[in-house]
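Hey, can you work out the whole structure from these sequences and the hints?
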Amino acid sequence: MKKNILTILKVIVLVLLVSWMILFVVDYFRASKGNKPSICFNEETKTNKKGEYYRCISLGYKYFEYKENNGKVTYGFGAAFLQNDIEKNWEN
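Numbering (this note's numbering), first residue to last: 53 to 144.
Bear in mind the hints are in silico, worked out from the structure with no lab data behind them. Mixed in with the good hints, there may be bad ones.
As the list claims (entries may be wrong) - Capping the alpha-carbon separation at 16 Å, the derived lysine to aspartate or glutamate pairs in EDC-like fashion look like this:
| # | residue 1 | residue 2 |
| --- | --- | --- |
| 1 | K140 | E104 |
| 2 | K88 | E117 |
| 3 | K119 | E96 |
| 4 | K98 | E117 |
| 5 | K98 | E139 |
| 6 | K101 | E139 |
| 7 | K119 | E139 |
| 8 | K140 | E117 |
| 9 | K119 | E104 |
| 10 | K102 | E117 |
| 11 | K98 | E120 |
| 12 | K124 | E104 |
| 13 | K101 | E120 |
| 14 | K102 | E120 |
| 15 | K102 | D137 |
| 16 | K102 | E139 |
| 17 | K85 | E117 |
| 18 | K85 | E96 |
| 19 | K98 | D137 |
So this is what it looks like as structure tokens:
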């Protein structure tokens, strides 16, 4: 009986991990084309004299988009717990 429960638990964890990896890959390619992620838990937009910064946090990763006033747009994708260069140098 214990062996069956452990096997079921392992299968559930494996399915969740594979699902997360698929979602991560899909969102990575969406971000490379400038599209927002499939799932977004926290969206934030900041504006200052240099431009506009948009950030969307998903399942352990984030998508960000920086639009400068001169029309240049920068897209990025990375770990949710790390700051990118734009966030580090942002002036309110």
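Going down the list of hints, with the structure as the test:
1. K140 with E104: Holds. K140 to E104 sits at ~15 Å (cutoff 16 Å).
2. K88 with E117: 9 Å, holds
3. K119 with E96: 14 Å, holds
4. K98 with E117: 11 Å, holds
5. K98 with E139: Distance of about 10 Å is within 16 Å: holds.
6. K101 with E139: 15 Å, holds
7. K119 with E139: 13 Å, holds
8. K140 with E117: Within the cut-off at roughly 14 Å; holds.
9. K119 with E104: 5 Å, holds
10. K102 with E117: 13 Å, holds
11. K98 with E120: It holds: about 12 Å lies between the C-alpha atoms, which stays within 16 Å.
12. K124 with E104: Distance ~11 Å between K124 and E104 Cα, so the pair holds.
13. K101 with E120: 9 Å, holds
14. K102 with E120: Judged against 16 Å, a Cα distance of about 6 Å means the pair holds.
15. K102 with D137: Distance of about 14 Å is within 16 Å: holds.
16. K102 with E139: 13 Å, holds
17. K85 with E117: 11 Å, holds
18. K85 with E96: 20 Å, violated
19. K98 with D137: 15 Å, holds
The structure is inconsistent with hint 18 alone, although it conforms to all the rest.
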